[in-house]
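Colleague: For the record, the sequence lines run as chains A and B. Per our numbering, the first sequence starts with residue 118, numbered consecutively. Per our numbering, the second sequence starts with residue 50, numbered consecutively.
Hints in this document: simulated from the structure, not taken from any laboratory. Any given hint might turn out to be false.
[Said to hold, decoys possible] Computed list of lysine-lysine pairs in DSBU-like fashion (alpha-carbon distance at most 30 Å, straight line): (1) B:K167 - B:K154; (2) B:K298 - B:K275; (3) A:K290 - B:K154; (4) B:K275 - A:K290; (5) A:K363 - B:K167; (6) A:K363 - B:K110; (7) B:K256 - A:K363.
[What the hints assert, rightly or not] Here's a subset of chain A near chain B, in silico, CB distances under 10 Å, partners left out: (8) L249; (9) E251; (10) S362; (11) F364; (12) R377; (13) V378; (14) L381; (15) A390.
Beta carbons: idealized from backbone N, C-alpha and C, even for Gly.
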Amino acid sequence: MTKSAPETTVPDTHTENSAIEASGFPTGRFVVFLVLLGCLYSPAFFLDPFYRLPQFNRFLALALFALSVDLIWGYTGLLSLGQGLYFGIGGYFIAYSLKLQKAALDAGNPAFGRYDWGPDMAMTDYMFQGQLNEVPLLIRPLINIYTAGFLAVLVPTLVATFFGWIVFRSGIKGVYFSLVTQALVFAVFTIISTQRSYTGGVDGQPGLANLELFEFEFKNYFHLNLVIVTILCFFALLSFFLIQSKFGKILTAIRDNEFRVTALGYDTAMYKAFVFAFAGLMAGVAGALSVCATKSAGPQFFSIEESITVVIFVAVGGRGTLIGPILGALLVSVGQDRINSEFTQAWPIILGCLFIAVVVFLPDGIVGGLTRAAKWFNRPALDPEPTPT
Amino acid sequence: MGFQSKTVPETIIEVQEVTVDFGGFKAINELNFSIERGELRVVIGPNGAGKTTLLDVITGKTRPTHGRVVFQPDSRPAIDVSDYSAEQIACLGIGRKFQTPNVFKSLSVLENLSLSLKSPRSVFWSLFCRDSADSRARLQEVLDIIGLGSKAHQNAGTLAHGEKQWLELGMLMAQDPELLLVDEPVAGMTPRESERTGELLLAMARKHTLLVIDHDMTFVRQIASKVTVLHEGRLLSQGTIREVQENPKVIEVYLGHHKVAKRPATTPQHAGVNVLVAKI
Chain A
118 MTKSAPETTV
128 PDTHTENSAI
138 EASGFPTGRF
148 VVFLVLLGCL
158 YSPAFFLDPF
168 YRLPQFNRFL
178 ALALFALSVD
188 LIWGYTGLLS
198 LGQGLYFGIG
208 GYFIAYSLKL
218 QKAALDAGNP
228 AFGRYDWGPD
238 MAMTDYMFQG
248 QLNEVPLLIR
258 PLINIYTAGF
268 LAVLVPTLVA
278 TFFGWIVFRS
288 GIKGVYFSLV
298 TQALVFAVFT
308 IISTQRSYTG
318 GVDGQPGLAN
328 LELFEFEFKN
338 YFHLNLVIVT
348 ILCFFALLSF
358 FLIQSKFGKI
368 LTAIRDNEFR
378 VTALGYDTAM
388 YKAFVFAFAG
398 LMAGVAGALS
408 VCATKSAGPQ
418 FFSIEESITV
428 VIFVAVGGRG
438 TLIGPILGAL
448 LVSVGQDRIN
458 SEFTQAWPII
468 LGCLFIAVVV
478 FLPDGIVGGL
488 TRAAKWFNRP
498 ALDPEPTPT
Chain B
50 MGFQSKTVPE
60 TIIEVQEVTV
70 DFGGFKAINE
80 LNFSIERGEL
90 RVVIGPNGAG
100 KTTLLDVITG
110 KTRPTHGRVV
120 FQPDSRPAID
130 VSDYSAEQIA
140 CLGIGRKFQT
150 PNVFKSLSVL
160 ENLSLSLKSP
170 RSVFWSLFCR
180 DSADSRARLQ
190 EVLDIIGLGS
200 KAHQNAGTLA
210 HGEKQWLELG
220 MLMAQDPELL
230 LVDEPVAGMT
240 PRESERTGEL
250 LLAMARKHTL
260 LVIDHDMTFV
270 RQIASKVTVL
280 HEGRLLSQGT
290 IREVQENPKV
300 IEVYLGHHKV
310 AKRPATTPQH
320 AGVNVLVAKI
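Okay, chain B solo, but in the shape it has when bound:
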């Protein structure tokens, strides 16, 4: 599904031997990980596996203690981005959707999208530019895809939780990055909203390379072609969702959690693990 690269599969991002050490706690431990251009990759793993830290490292929010992150933009030489600043990395073409909705609440939906549009980022340009017909068409296209056309002039702060998440996905689409990192897009969504989000991500995957983090197995099943499992900052397993589910190490990790979780039983978190184990 995801493999749609025009040429030979080419690595777009490569995390090489990366360690992130938070004062003794290794959130990521000598991790090697790469994604090919055009892929839709899902990263799963128990709490504390280092999923969000991995995104922080790629986007420059956290500096790796050791190791390199090599980004290969289209038609440009590969770059080691591990010492670039967050906005430089964003300009290179890596976009990110955060776990909680991160929209500009006192700007309208349209303005949120318009600021995200791929365009020069200089102060001078922002003072004198006007949105071209092209960019307006692009904005309309994005509005249609995320289904917020009727709320284009509403303040983003007044949107419902799910709509904010879609708006943020829309902002990523407008930004049109080469690599898109999406952190738990369906957290707190109803099953219907979550399905709609899956469709959005699949639509986006036609044009972009996506890295999605999630817990929700129904959702992962809906979108994933290739899954990476992280555990304690290391890569535990990688493959199709079927291969991963049959991998004894993965079962061990989740079963281990299951055993610990057995006594307090049915808090929602543990219920999630139970569902996962049942699926496995």
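The following block holds chain A by itself, in its conformation from the complex:
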């Protein structure tokens, strides 16, 4: 008697086909996801182009930031309370570039073009105030937006890889992981806000030049919006494929039961370090885009509030879904803006209450709640017979 002999009947062959087909690519969900992402292009056509649109651009950058937190928290179960570190690093590279460009443009030295750098390049205002004699050597090349852009992607990824490697190798998990990430971001916050002559200190780097790429200056927020939405969509789609791959399933498995994944022979530290690095990359890009959108950067990027706010975006929108963090970031940011304009100071209280409300009443966030509601309405159609065991 062979193993499968008693089971090989016609209905089983049928099961096989259906099992394999349905286990493939979820086309339906992908189409819905594409349509929803496509909708992100539309607000640019009706929002006020001088006030609302730049704001919306910033919210989109925050959405990308939230997506990065969702990958590590929602899918892998690693609650990072210091993701602002990577966001801030990415943002500051771009901010240096645009700030130096601004200084060069203001100085109007004809010998120096917008991207030229050397010992007598124009210093930024905070460097003057900090009584530096010249632009520090390491900061000089950042005036080139391509160098800065490249580093804004590379450095957060490398820092996240290095940090993730050490933390996951040494088996730091759960709340200890959250605390370590938070401690790290706080340390960087302290450095950034005290080294005023190098970083702009607590005032950060306001009043940046417009982004200029390939001789095209983004004077108009509409064009910048197209770039930001496209980059957000690119990363959202990349995340979608990542989650659909075996890698994505392993991440979910790690969240469910890490020890069991180890027992299957997977090196979970490698998987966690990889996804943490990828999230660091996304956060770095998000920071860079946010700086382009607001034309300012500040040490608040590295503040603990920033990192926690983005976790709340994910919780509100729905962790473990890809549309959830985007939705959460947009809705909560819009809410924050509206409430701040009516009652200043009230926002942190409202945010805290919102977080508690979501945890108690909507543990899977808005998207999870909607999914459950949809299931509930479709109940008679979907209801399988009770399991007989």
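Position chain B relative to chain A; hints supplied.
Modeller: Frame of chain A; chain B shown alone:
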């Protein structure tokens, strides 16, 4: 039944002089123990005999205080695995089913099996691989054996207790390890489920070497060809189930428990001991 090795009987795992000391309490005490390739071995013993600790040591979850664990993979030199990490040992070909169901509850049955399939374990591979026709056929085969074909796309978290246990056995089959360690597969099962589980294990024993831990004597009788009895971290007796039951030392150990247990009488635990003693 179990002996089906193609060549001369060969030791697949050998536990040599292993002691596990939990701060003075010796869960395993200078234990020597080995299994031959192709065997289905059942390990029994009273509570605290060190059965689960033995599995922990073999799978690298617990490091032995003294002694060596030598694993002999097919067509490779023998390896002392006592200082290997859990995932390295798993990759060498030792799979384990835990006492409580340990499935990934937010993945579907099929995904649970698919992650367990024998395949490369690297990050790079997991990003770009697609299940081949072979592996899909293998998944279907496993689904058929464990009888969960109709629930392939259900989340594993929604399965009944017995089904979760079968799914986990299925995951072990998909993993296709050389040595399979199974910890109390029928705990909390109805007699029918338990019988079905026995059939599953016997089916698995045709291809793999199995080490099963259990208390349930009906179940042990159903599957066992060779039984090892542990007591207080030591090997007490070993042989066919009949030999073991007739061994005076085994009777002594279980009778000793029986005497202590006599006054509070009929809690389920003691009832189990009574049944065992009656069978002996």
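Colleague: For each hint, tell me whether it holds in the structure or not.
Modeller: A quick look at each hint next to the structure:
1. B:K167 - B:K154: 21 Å, holds
2. B:K298 - B:K275: 17 Å, holds
3. A:K290 - B:K154: Measuring from Cα to Cα gives roughly 20 Å; hence the hint holds.
4. B:K275 - A:K290: 42 Å, violated
5. A:K363 - B:K167: 13 Å, holds
6. A:K363 - B:K110: 26 Å, holds
7. B:K256 - A:K363: 27 Å, holds
8. L249: 44 Å, violated
9. E251: Since chain B brings no Cβ nearer than about 44 Å to E251 of chain A, farther than 10 Å, the hint is violated.
10. S362: 6 Å, holds
11. F364: 4 Å, holds
12. R377: 5 Å, holds
13. V378: Hint on V378 of chain A: holds, closest Cβ of chain B at ~8 Å, below 10 Å.
14. L381: Because about 6 Å separates L381 of chain A from the closest Cβ in chain B, which is inside the 10 Å limit, the hint holds.
15. A390: 9 Å, holds
The earlier numbered hints that this structure contradicts are 4, 8 and 9.
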